[in-house]
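Read top to bottom, the protein sequences are chains Y and P. Start counting the first sequence at 385; every next residue gets the next number (my numbering). Start counting the second sequence at 636; every next residue gets the next number (my numbering).
Careful: at least some of the hints might be erroneous.
[To be verified] Listed below are the simulated EDC-like cross-link pairs for lysine to aspartate or glutamate, each with C-alpha atoms no more than 16 angstroms apart in a straight line:
#, chain 1, residue 1, chain 2, residue 2
1, Y, K438, P, E799
2, Y, K802, Y, E836
3, Y, K438, P, D774
Calculated directly from the structure, the hints in this document are not laboratory data.
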Amino acid sequence: MTEQVFTNCTNCGPVSVYVKDGEVVRIRPLVADEADFRPWTIEADGVKYSPPKKFNLAPMAHAERRRLYSDERIRYPMKRADFDPNGARNPQNRGKSPYVRISWDEALDVVSGEIRRVKDTYGGSAISGLTSSHHNWGIVGYKMGPFSRFMNLLEYTPVLDNPDSWEGWHWGATHSYGFYWRLGMPEPFDQLEDALQNAEMIVLWSNDPDSTRGTYSGQESALWRTWLKEKGVQMVFIDPFHNYTNAIFDKAKWIAPRMGTDAALAMAIAYVWITEDTYDKKYVAERTIGFDEFKPYVLGETDGVPKTPEWAAEECDVQARVIRTLAREWAARRTILSGGARGGEGGACRTAYGTEWARMMVLLQAMQGLGKPGRSIWGTAMGAPTDFETWFPAYADPMGRISLSKLVADFIPVNPTKQRLWRLTVPDAILDPPVSWYGAGFCGQSLEQQFEHFVYPAEGCSEIKLFYRYGGSFMGTMSDTSKWVRMYQSPKLEFVVNQDIWYNSETRMADVILPACTNFERDDVGEFAACGGYTTNSHTGNNFRVIVREKKCIEPLWESRSDYQIFADLSERLGLYDEFTDGGKTELDWVKLFFEASDLPKLVDWETFDRKGYHIINAPEDYKPTPMMRWFAEGRECDTPDLMNPKRGTDKAHELGTYSGKIEFSSESLKAHFPDDEERPVHPKYIRSWEGYLSEGYDRYPLQLLSPHPRFSFHCHYDKHTDWLDDIPVHRIKKDGYAWWPARIHPDDAEARGVRNGDIVRLYNDRGSVLCCAVVTGRVRPGVVHSYASSANYDPLLPGNAGAIDKGGCVNILTPSRMLSRNAPGMTPNSCLIDVEKWEG
Amino acid sequence: MTRLSMLIDVTRCSGCHNCFMACRDEHYGNDYAPYSAPQPAHGQFWMQIKEIERGAYPRPKLDYVPIPCQHCADAPCMQVAQDDAVYRRDDGVVIIDPVKAKGQRQIVQACPYRVVFWNAELEIPQKCALCAHRLDAGDKQPRCSEACPTGAMVFGDLDDPQSEISRRLAALETEVLHPEYGCSPLVLYHGIPRRFVAGEVVLDDADDACAQGVKVVLEGEGVRAETTSDVFGQFEFEGLARNAAYRVTVSHPGYVLRRIDVKTQTDVDLGEIVLTAS
């Protein structure tokens, strides 16, 4: 009858879990002993700033109980009723077949049998599998661990993820300032202090940090923006939508350019600085190269088009006087550029030629002395003082994965298969091979990785016959997503497995469904907000660093099993049990091994850590800030804790990661590899979108769809399965017994179409149709419809019909397959023309 | 003495809904007799978040006003309750007794703030009890303020001058929601939106840049306020009365003065006010 308390962690922050009679009754932000917190202090203009001793979750995590016990949980192994592995498979019915419950024995027999058959017939390369971008928290169970370990044993064809949230920075900005080891995002060090001490203005360009939250840090940085507001820092928001961070800063200036024209706006700002001589000439001369090739383009000497504010006003539909004033203020006042939640993201980079905007973000700030006090690129969601000495493995660190970490595993399976798939073109590869692309996925090892050429099918490899889908909902998050339905229904995919915790948009496309459990139902360990890998130090988005012993709170519900257990069970049937479990290791064994391998034993012993459930690592009392790129601006060696910077600690330590070591207005790397590329040119250019204002198709579809990352779900996590979110009208609107996804429309566009607030509307173009609930608001500029990406609810009016209207709100069905540019294979959901009509059906 | 209060600073609220979700988590399915019965999974909003959108493109404004039970000193729910079904503690918390209140629908209807809900299954009225079950067990605050990331919601003891709420209140103007109801709520608000009048000044012969520093005066309803246009030429008067008449005067040396009369039936955005050179 007494309550037990367990510690655990989520994508949205660390939690304390209260269990009574085997049931979770309450989940709170992690309750830690006050004595364990030693808040840092930043002093600025006579004010001392310190965070309170608590953890701040993202809103969804408070409703975790609803998700844990959701009716949408997959309870039992299921098999498609009209699928017989020894007879008729009926792939054409995937998406509309009913399912029957089967036993685990039968499920494991079928799945392992198919794996064996496909491997024996075609080879391991005929097996492929794909995870979601994010998984449930905990490094032992994280998708990069068990899934990869198992699949590598099968010698499968891995799918390369595209750098979705920050495409233009990855494929573009890296060629301006390096940081490829951060996938194009800047180093995040000590920017909160720099902002409080030095910033006079912050330009948030395509950024809603109160909603995107620096990824995994929950609401930790919300207080920082409160500080900036009360300090009176001038805020400017550039966004077609008056976003939720903008809404907090009621004195901010909102500038709403047409979608796809942000690079033009950036060019005009450069024009003002050049013609009015208000840029940092010394910095440009000493810290950059190629300005002499860029400047004539801006002035119109190379193409006859001077990039004046008047010119940009026509392209962007922003008044010339506003552009000119913004440019003047930006130059005259110490201005931080906030281009996306990690400082390098933002919907403006996920659009046609999005590389050009991202490059201009780096170059504009370079013209004002990037790295000097108050002159940084900062998302406002990372960069707090913290500890950098204590190493704890994070999920993306190779040393943090049971598939790769020699620190914890005796045996590491090596996958000899060279064939790859590209996530964005997986359906095209299955349906209409061959496909080819440039880029090794997350190109964090070098700039050259971006230029590696891939062809599928690869020589000596098979086309994919068996597809193992592991969590996630691409219908709501990838591009042109109805092709995923067509892919699943292709007979080329002889067998499809889906392993997930909840029914998501692709679950009912599988032949066999395997029920997995949440991290509350298994043991693990993890650090709050830490990714590692190509985003080291993401815990700077927290007010406090904390490692959490993620304890199993309840037994797996219904017949679900941990992912690790499922793969172990499959391995056993495939004769690979010892290889997969590394000699029979349990999940708790792996937890202890990671603990021992980390620096944590220097601070706390295992028994204490395991009992208490957490360990807070405070910033040192003699903390010495090393602000992002200050070293570079001052001509010194890199002194930040950016350990993945390959030049750090070498004789080139004062250089950036570009070929020249400097900021490149004219890119040496692009010059070397794609000198004639007109779509990602050697120096950035403004290029009109191939699906935008006045482009082809605009006469039929005159509205631009803006689909940013959602505010009340973590991509697809929590939507659909956490029904309390349906009571938040920003997330879904309840009407006629259904929870509709909102679509925000300007009053003029609504009136022209006879649409009123609360009407159900059809968003449509040639790719498909989606039903949403109209929110008529002056918060969106005319000509733009705002509807978040990431609906987890794919709900076609005709299940199994790829062309059916979706009423679940998967607006990604409308987005194009075409990529950033010829040689930059990034997704472009924000180049999407649609129209809207009132739905009377 | 302990005099509990909750300060809600609307200027710090971003509408994250942490408070709403935390309240649901605490009370859904959990019986805290004698303080409160379990909240059902749906249909009750012990913490409501009102989203208020004002103005028009391109200068909309958004505010969020969290509304829990106001724990009134002169609570109408107490007045209509029978058998002492609703009582007020010495520290200010108003509790609906989940046993004694059975069948008393009038308790729901009596609340002008509409923060009492009827549980059809249990046949009782229910509302926020300020997590009194937690306070009495030694916790420092209810779930809502615990979850608030920005300090928009501060809970504490007004009789403790060192408490955070006392310190915050020393520097803030506060009011209660709907004082005309005469309920004397315990909850205090700062920054509840009223009406605004805004606009953008443009100088017709100098429109290559925005018109900063132009004097704008607003008069009416016995008030006179003065401001200057900001660096983007924009100005705003906030906190104005509803359905009131004001005169806005825009003046700048060398330009013809402009006078505009407005009525705040809704928030007024005057758009571009062009001054012609004289």
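Here is what the structure says about each hint:
With a CA separation close to 15 angstroms, the supplied pair K438(Y) and E799(P) stays within the 16 angstroms bound. The suggested pairing of K802(Y) with E836(Y) holds, with an alpha-carbon distance near 13 angstroms, which does not exceed 16 angstroms. Only pairs whose Cα atoms come within 16 angstroms are accepted, and K438(Y) paired with D774(P) is accepted, the gap being roughly 14 angstroms.
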